[in-house]
Every structure is written in structure tokens, then in C-alpha cells.
Amino acid sequence: MTNARVFFVGGYLSYRALFNWMHWSYYVPTMLGAPIFQILFFAYIGRYAQVKDDEFFVVGNAVQLSSMAGIYGMAMTVGGERWTQTLSPLMATPASRLPLFLGRALPLIANGIITSAFAFVVGWLLLDFELGAREIPALAVVVAVSAFACTSLGLVVGSLGLRVRDVFFLANAVVYSLLLFCGVNIPLESLPNWMEAVGRSLPLTHGIEAARAIADGATLGSVDHLIWTELGIGGAYAAVAYALFRFFEIEGRRRATLETI
Amino acid sequence: MRILRLLWVGWKFHVKSLTLSAFFILTSILQPIIFASVAYFMFRTGAREGTLLYVALGAGMMGIWSSTLFGSGGAIQWQRWQGTLEYCIAVPPPFLLVILPLTLATATIGLYSLTATLVWGWLFFDVPLEVADPLAFAVALPVAVVGLGLLGLILASTFVMYRNANALSNLLEYPVWLVTGLLVSLSLMPGWVGPISWVLAPTWGVNALREAAIAGNPWPEIGMCLVLGAVYLVIGHFALQHFERLARERATLSLT
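Each protein sequence line maps, in turn, to chains R and D.
One rule links them: number in this note's numbering = place in the first sequence (from 1) + 88.
One rule links them: number in this note's numbering = place in the second sequence (from 1) + 24.
I should point out that these hints are in silico values taken from the structure, not numbers from a laboratory.
Where is the CB? At the ideal position from N, CA and C, for every residue including glycine.
Treat the hints with care, as some may be off.
Unchecked claim - According to the in silico footprint, chain D covers these stretches of chain R (three or more CB under 8 Å from chain D): (1) 133 to 142; (2) 249 to 260; (3) 272 to 279.
Based on the sequences and whatever the hints tell you, model everything.
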């Protein structure tokens, strides 16, 4: 029961704290405004370079945008605790680390789904992109799984935030790298083999592939292998993140570097 | 002479200071390289014929815009956080001459972007680095940087009125990349985008660089960059005066 409370209440409070410094006037332009222009930007490059149709870019970018909240949010959660000097009191609590850690991810996954849904609507309104009502539930599943996988990667970034000095630099670098490696705007087969291999080990790649297939009319059952792979990648990153978190916590205590900023 | 010395010393100081910032290294080197790579792959995959130098210059200019946008947009706010804004305003030279070197420096830092995208493209994507008119290119580059730096002056003096200037910077990065035709021809855009692009220095800056590099006549674009720069300077001057007056009246200079 205590663990459930730490997971849900702790996660909720952490998310609210995030918005204490991340006011709606920050949230709306960053999480909803910028995505509109990201989709338009890449869709227009696609038209100009004659790479693919609008659907390719709307689906790729809308799914990719589900990663923003998870990665930046987790970086801010840990980085913010460090910045405001509250990390040590948090680490001094007897609360189990697993619910403490994962509870902070849950609201960010929901946030990622909202951003992604908004991006799909923008694509449908402004570009040559159609989506049947029948495809929406399947797409929602794919976006939820991708948001989970990306938030798991965000957990890794957040864990590294216990050690590295500038976690926001790392978060930015990770988000930009996803744009390059995961087939968001470039067909995977156009990338060199090694880049494709890196992309296949990252969150998003399989999710985007599944979402594109669904947008083309495939059923959820026919892309389940992609969804399971995405889920597995997310689980693996979450496990790595937890291990890193515990390791850096122990190291931080030993070297008294928890609050080094 | 004193004014030139102040501008020179301020510019040099801020360029050195920004070069040590991890955030600006990200904005001006890593981010443009990643975006340039995405663009190179897209243009390679696509059916459109043309030189990748066009893409490299556009991607480099994207970096110059990003560093100007984030650097200049937050310039006054930074002085506030560091507690130096009162001193900047209290010193004898006009505030304009104190803040202008900073906005010019943020645009100058963007030159790292252009260098990075050109070298990256040459090393890994076979981007040809032959410049058709080196003299015009050598003129167009600093003019484009000054044009953007002066646009930065407007950003600095107006964003400070907005509580979350960073959010505004986040919002304005992609749209300006789009409407100034850095990677997409403006002929593809709706007609109403044209007039917006005409009043933005990056449009003329990137066209000047392309005309000089690929062949053509860059001088009209260079001229437009200079004219726009002069207009930005006048607008920035009045906007800064307005900010200074409001901040003194409301005693909000040190407000963080």
C-alpha cells in the first residue's frame, strides 16, 4: 500500500512540481506550439525534396513527439531536484526506490500521449493526411507504447542526471538523435546499415513503423510483433535506468556528490 | 572611436563567454550537425536534383538563427539572473551599446554552425565546397551575421516583456526556419508567407550565401540584409528605451 501511494501520489506531486516552474505559458508554446511547426517543417522539406508523402511525416513526427515529455520531463525531474537542493532529502527517505522512480514517469507518459494526439490532429487539419476512425484505437495503443518506451529512455537520462553536471544538454542530444536514427523523417532503408542497427535498438523506431502500417490500413494484430519489440525495448531501458539510478545513488552517497551542481 | 572600442571589446568578451557554454555548443554545433544530416539524407533519398551545398548552407543558417534566437531572446533575462542588469543600465554608455555586442556575439557563435555543417557535409556526404565567388561569399557571411545580430536586438528588447522568453524561443525556431526558405523553396509556401519572409534577415542572408556559393548575383541580397539591419537597429533602439523606462518606473530591473 505504501509503495502504491509513493507511486501514484509521489508521481502526481512530482508532476505538479514540474509545472510549478513549468507554467502553462511555458507548456503551451513548447509542448503544443513547437510540434505544429516541427511537423510542417519536415512535411514541407519532404514535399520539396520529393522524399515521401505528408502521411509519412505526420505519423513519424507525431509519434516522435510523444518522446519529448518523457525525456525532457525525466531530465527535469532529477535535474530539478538537484538544482533545488531537494535530492538529498529525497534520497534520505526510506521509500522504495522503484515506485519512487517509476511513479514520476507515469504522468509524463500521459503527457506524451496528449502531445502526440495533438500532433496527429494538427497533421490532419493542416496537411494532406487522413485517418479513419477505425484506425484510431490501434494508433492510440502504438503511441502509448512508444511514449512508455521513450519515457524509459528518459529515465536513463534522468539517472545519468545524478552524475553528469548538465543533464539538459544530454536530454537535448538524445531527443535530436532520435530524429536522426529512428526513421522519423528518413526512411530507415535509406540510412547506412550501422545507423539502422542503432535505430532498431532505440525506442520509437518500431513504434513509428507500426504506426505507419496502421495508418496504411494494417490491423493491430498484424503489427503486434513491432509493438512487443517496442515494449521490450522500453522495458530494457527502464531496467537499465533503475540499475543506473541505484548505482549513482550509492556512488553519490559515497562521494558526497548528490547535490553537486 | 570609443563606441567602436566598446562594441569590439563587448563582442569579443561575449563570444569567448558563449563559447564556454555547453548549451551554445549544443545549439551551434551538435544540433545543426544532426539537422544537417537529416536534411542530407532526405535530399539524397528524394527525387529532387540539386547540390547538397544548398542544403549545407541552409542547415548552417538554421544554426545561426537558433543561437541568435536563444542567445538574444534571453540576453536581458540572463543579465537579470546574474544580477548584472542594473550595472549594465547604470554605466555611462547607452544600454543599446551594452546589449548590442551580446546580440551580435550570439549570431557570431552561429558561424560555428555553418562551419560545422559544411565540414560535416564535405567529410561524410560529399558536399562540394567550391565557392563560385569567394569575395562575395566573404562579404555576404559577416553581413548575414550582422543582420541576424541586429534582429537579435529586437528579440532581446521584446522577449524580456514575456515571462517565459525561453518558451517563445522554443516556439519560434521551426517557423523561421520554414518561412525564410532555409531548406525549402519559398515557392512551395502559401502566398502570405512571402511578405513575412521579406522582413526577416535570414531569408536574404541565406540567399546571399547561396548566390555567392553556387553562382549568381548576391549583391542585392547583401544590400537587403544591410537595409533590414538598419531598420532592426532603429526598432531595437526604441524598444530598448521603452523597456528601460518601464523597468525604472516599476522598479523591476532586478526582478527574477
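Right, here's what the structure says about each hint:
1. 133 to 142: With 7 residues closer than 8 Å to chain D, the stretch 133 to 142 of chain R meets the three-residue bar; holds.
2. 249 to 260: Since three or more residues must qualify, the claim that chain D covers the stretch 249 to 260 of chain R holds, with 4 doing so at under 8 Å.
3. 272 to 279: n = 5 at 8 Å, threshold three: holds.
The structure meets every hint from the earlier list without exception.
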